[in-house]
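> Chain by chain, the residues:
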Amino acid sequence: DIKPAVVYDQAGKFDKSFNEGVYNGITKFTEDTGIEIRESEPKNEAQVEQNLRRLAKRGYSPIVAVGFTMMSAVQKVAQDFPDVQFTIIDAVIDLPNVQSIVFKEHEGSFLVGALAAMASKTDTVGFVGGMDIPLIRKFGCGYEQGAKFITPNATVIQNMTGSTGAAFNDPTKGSELAKSQFSKGADVVFAAAGGTGIGVYQAAKDEGKLAIGVDSNQNHIQPGTMLTSMVKRVDSAAYKVFEEANTGEWKPGLEILGLSDGGVDWALDEHNKGLITADMKAKMDDVKAKIISGEISVHDYMSDSTCNY
Amino acid sequence: MSQAKVPAWVSVGLIPLLNILLAFLVSGLVFLAIGEDPIEAAGYLVYGAFGYDEGIGYTLYYATNLIFTGLAVSVAFKAGLFNIGGEGQAYIGGLGVGLLCLWFDSSLPLLVIAPLAIIGGALFGAAWAYIPAYLQARRGSHIVITTIMFNFIASSLMVYLMVNWLKAEGVMSPISRTFEESAWLPYMHDIFAPFGFDIGDSPLNLAFVLALLCCVFYWALVWHTRWGYQLRTVGTNPTAAQYAGIDNAKVTIWVMLISGGLAGLVGVNEIMGVNHNLLLNFTAGYGFAGIAVALMGRNHPIGIVLAAMLFGALYQGGAELSFEIPTITPEIVVVIQGLVILFSGALENMFKGKIEGLFLRKAAA
Amino acid sequence: MTQQTHPYSIELEGISKRFGTVQANKNIDLQVPAGTIHGIIGENGAGKSTLMSIIYGFYEADSGSISIDGQQVSIRNSQDAINVGIGMVHQHFMLVENFSVLENVILGAEGGAVLKQGMDAAREELKRLEQEYSLDIDVDAIVEDLPVGLQQRVEILKALYRGAKILILDEPTGVLTPQEADHLFRILKSLKEQGVTVILITHKLREILASTDNVSVMRQGEMVAHRETSKTDKEELAELMVGKKVRLKVNKDEAKPEQTVLSAKDLSFFDGQGVERLKKVSLDLKAGEILGIAGVSGNGQSELLNVLSGITPMASGEIQFAGQTITANAPKNAAQMRDLKMAHVPEDRHKMGLVTGFEAYEAAVLGYHDSEAYNGSVLMKRSAMLEECNERMAAWDVRPPNPHLKTANFSGGNQQKIVIAREVEQNPNVLLIGQPTRGVDIGAIENIHEQIVKLRDAGKAILLVSVELDEIMALSDRIIVMFDGAVVGEVSANEADERTLGLMMANAWNEGQGAQA
Amino acid sequence: MFETLILILDATLRVSTPLILAALAGLFSERSGIVDIGLEGKMLAGAFAAAAAAAVFGSAWIGLLFAIAASVSLALIHGFACITHRGDHIVSGVAINTIVAGLTVTLGLDWFDQGGQTPSLTGDARFTPITFPFADQLADVPVIGLIYSELLSGHNILVYLAFAMVPLTYWIVFKTRFGLRLRAVGENPHAVDTAGISVALVRYRAVIICGILCGLAGAYLSTAHNAGFLKDMSAGKGYMALAALIFGKWRPIPVLCACLLFGFLDALAVRLQGVSLPGIGEVPVQAIEVLPYVLTVLLLAGFIGKAVGPKAIGKPYVKERA
Ligand SMILES: Nc1ncnc2c1ncn2[C@@H]1O[C@H](COP(=O)(O)OP(=O)(O)OP(=O)(O)O)[C@@H](O)[C@H]1O
Ligand SMILES: Nc1ncnc2c1ncn2[C@@H]1O[C@H](COP(=O)(O)OP(=O)(O)OP(=O)(O)O)[C@@H](O)[C@H]1O
Ligand SMILES: [Mg+2]
Ligand SMILES: [Mg+2]
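Residue numbers (this note's numbering), protein chains in the order written: chain A, 429 to 737; chain B, 92 to 456; chain C, 19 to 535; chain D, 13 to 334.
Below, simulated DSSO-like cross-link-like pairs (lysine-lysine); rule was C-alpha separation at most 27 Å, straight line: (1) A:K485 - A:K431; (2) C:K134 - D:K187; (3) A:K668 - A:K716; (4) D:K331 - B:K445; (5) C:K399 - B:K341; (6) D:K327 - C:K369; (7) C:K424 - B:K443; (8) C:K424 - B:K453; (9) C:K369 - B:K341; (10) D:K323 - B:K341; (11) C:K207 - C:K145; (12) C:K359 - B:K341.
Just the calculated beta-carbon pair ranges, DEER-fashion: (13) C:D502 - D:G326: 28 to 36 Å; (14) D:G248 - C:D366: 38 to 46 Å; (15) D:G248 - C:D502: 45 to 53 Å.
If the Cβ cut is set under 10 Å, some of the chain D residues that face chain B in the computed set are: (16) I102; (17) T110; (18) V112; (19) G127; (20) L254; (21) Q298; (22) F315.
To be clear, the hints were calculated from the coordinates, so they are not data collected in a lab. Just so we're clear, the structure is a prediction, and the values are computed from it rather than from any experiment. By construction, the Cβ of each residue, glycine as well, lies at the ideal position given by its N, Cα and C atoms.
Chain A on its own, in the form it takes in the complex:
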């Protein structure tokens, strides 16, 4: 049997979003296989490395590191423990014992952008990002493309919550930003902001507007308000890592997950089905097919650090 472990980033495993996605994945894995997974939630920089190191020393493998903030620590520890398998999500490390998993967030964001434009009555949609980093701009850029694909003259208001890690955990600010976007005419807002999103959804609910969740399927948080969620299947990615490790198929290298392989998607469930008309659904299926087929090419912000498409 394998001795797997996971290290969450400093937002903790219950961030209702990214980390929680991983948590859901591994819970399912444990249910399915009975294999316990060691979890660890470091609280500062020193502890990230300390915990990775300690897990490696105790013979855990594979060790999944959640989030780009762990990149440098994983890099160091992976070099020191070449026999241990590491997987990092959302960052790329080029080492023989590290698997890197990244997502085509721009494709998923394009989809929800399109849906937002369809649902908008004002032709104005909003985007609230968390920390102002290229990864989050990638979300915003995809979203904008999707919205303009449906309504070419749509207005897309974009705000970032802040420039530090705290920006992923500031619902108060999220709610203020959302309210300011609503006051500028937006009636659908997409939050790619971790815990900050909770405030955004709350504001949308309070003002009777629509919101779009991110990472996990967040439709259940404010049913009736959540138009959809741009799911980034970190849960199935994590599940897959452990499964492959269990069957001996785990291999290092870069893995990019997008629409075609279900790595990103939009969520339709009982919580939002009342908001999605058959028309919209049909249109969405069409757009999705076109992206997968390559007929629509979505620009990736991180490829050239601009949003020119």
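Dock chains B, C and D with the ligands against chain A, hints included.
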């Protein structure tokens, strides 16, 4: 006020010990409240902090930061000033260290960069303390409030600088590029390795020695120089200081410079010793914890080292604890810290009167 | 006014009180006949204030009982005292300075949860009281704007407003000019006529003899004697206070003044609030003389010492000293003045002269800590400091002679010796000395006075500030009187008498025509 | 433009509410002579208790009660240390802030298993906006309509309560017996004592009021402005309130103005983000975020006028010298 004196072991030994004991007792109640066994938890705590080489290394690494901030708080205390801005001074001190490393890491050897960065860190920290000090000395602004405000300002400034100027190419988080190894302060385990000692991989680095040197510096400065004499006079009786021709304002300013400089040295440990790049939030509350360290250490360098080790042990033991029992967060250590500050700081008189009275009555009888 | 049901308005039995190791009151008995003025005297620290504070419920006695009008009462806080009709004017006023007179008076007796109606009623009542006792005051004035004499009236009004039948006054005249004091005594008399019992604490035997019916004497926490005022005199009271015969005279020869060593011209000084505390003060100090400065405390003497010694900078004026001209633009701080051989024994040794948290040997170099004698190139020379401290302790008979004892743990007199030794041993050319014997017992006083005279005879110049007229007259060769920040007169020691000086201190002396009314 | 202004002001009211409540809390405490740097901790504890109780009982009002209880308990600890045991006020405040920062997360994790957060609150577990009569109908009336329907209407009860507290505080402090004693005890406790009033009792009452108001501020954070508790969610607001208190020179109306100014800057920062101002260009968000702190320092430096606090503030009341 008495001819009959309370024995020293009572006032510097027994009473503080009772206070800490009480803090731990109440902490135990918190463990019980969250359904954890306090004895088991204490076991992990102690083992994590002192049970193995690496753990000890981590304990001392945390203690290093706390010695710096503890000394910083304490030296200001000696002059009657409450420097609550250690956090910001450490932050800006780290900026100084980082900038020097970034500028010189590829052109100068460690032997030159190290002293440069130490001085730089101290200077930056001191500079950040200068404004509150100046305002207190010359304009009577309350230093507690100004230093708190300067913590916030430091934090905004760092975010601005990191995001707009210092961020490395191609990374997500606002961190600078990693320094060349010529700007890495040697790890203790690397220093000991050639002699055949394996002390376990930990972030403990040469900055620990610097911290100990600072203790000696503090001791000599405060009790054995005329500056120290002036400083203590200002701290205990500012009117007498004026009478003695001591320039209170000047003393206030330079003691805050020293205080800020000491706090700034946290940057040496964190930036040059451990992280090897500039990043946000590396001060992680050490500036505030320094208040507790200074209080518990009774404003004496030996006491401060001991208190810093105690708190370092709490940090490291707490990390161990939450690693072993994931239902316990490391935040519980913050609770213990707070309780220690409460009982040995704010409530220090709770037993004092009674116990001293007991001894006085015995002596009087 | 009140119906007297019992011969003693207040009666104490076996009152004891200890502060830490200080036994401030020891088994005290006292009976105050109703409707009389009862004086209490005693040296500093004898326990007078403590006793009064116990009666007023500010402190709780360790043991003993209090009876009012023959009824034993339990007074555990000031409210209890007020309820049984006791009012007190404290040595240090208990006023909220930025409140109006009215607010101060009603504090604690507001007459309702909302202020409005209580305030209006109080205004009426105060008008009545003011007329009845001729206590004129503007009830809407802010207390800190009032002169001390009026602030004291507020205290008295406070007590009367609460219906006090027993009024305690703790050293009420210490801050008053003789004329203000006279007014106070007239008020007390009219209170007495209305049936109020007055307990009066004062150091001034003159006042006791002039205005009380009975007098009790305290010494070292004990009540040692009671006398009917008409049947005692100054000498007896002084002896009772101190416990031995008192020589009230200082032995000294005629002064032989030489050249002027310090000359001040038109010194001005403003305090933090911008009040002018020194108004163009000029004086000359000659070698070989003691120049005394008399005045009610708070008339600029402290400020004068501080400006002369460089502790606070002057606003304008000029000091000539040791060949230097010191002005507002070319100031010298206290350390620089010391270098020019000016020594200074400050008025308040706790606040200024010592650092009570220091060990004696450290306190013994305060102000001279920069001197080469105590310093190496970087570190201070502890052994040199200790050695010198030991020597001085022996020479000045400081008890206990332990240089490592915390300064706070020496008694007042010994603390004063440490300070005076420190300053005198520097062999200064000018010694400024403020309140040299405040809180010091008679034995030590003699010693200190001797030292001052000895220094003068060695040809040094001495500027002496004291609020004790007796001390000024006993020591000085020349006397300057200060009032409201200005020098209002100068007399030579031979011409000085208490009456003239008293009038000068009240600024009521007109040369040529004698005293005004 | 006018609409934008109204909307910014609307946000200002929301953001400054916890500041106002906490600053008034500090006003009571500090007027009595007790320095309270622990506003932050009390507010955080209140936020946690409110959200936790609201999550369990499903009622924001019950949450509010718990918030007040938690905050008052801390206030009593502060009082016990500073009033009864003459401890250092600042040290006690720092201790309380530290304990609360750790304890809320620890208890939160134990009780709710959500990484120290409380569950998201919905429905009655939150204070919801109150819409004034005819607000919707009047919305289209020029100027007045907007002011009435956007700015004045549509806040939750705690916002209105906070603003009502300002004149109430003024009245209590300056027009009542308690207020007179409160002010006196902060200026000269000896005078209060000799007037037959217990200094400790007045001060304890003051810190209890302080606790109640901090509890309100905390409850606002977690059950009105947000929908749940989050680690460190007070985010320095307690310190800002303290700054506002000094800025406002310990007087209710100026304190209100200071809070509104800070709130306005905060609301403005959200809206100025990424906006390019004519002549200045794009202002870094950090520059706006830092304004309240810089303003406070400038005030303290005496450039705007000296802030002189109650005279006996921070000094333990001792009758018997030790
Ligand atoms: N609050 C206190 N705490 C400790 N000791 C005190 C306190 N008040 C007075 N004492 C001590 O008690 C003794 C008596 O003091 P008290 O003030 O009663 O003297 P007093 O006769 O009023 O003197 P004075 O004439 O100087 O006013 C002194 O030794 C003094 O130091
Ligand atoms: N303010 C004070 N702080 C601490 N201790 C004090 C204080 N005042 C007095 N004492 C203590 O009380 C004792 C008695 O002091 P006090 O000044 O009444 O002595 P004394 O009997 O008058 O002696 P002396 O004749 O030397 O003045 C001293 O030994 C001292 O330790
Ligand atoms: Mg007295
Ligand atoms: Mg004495």
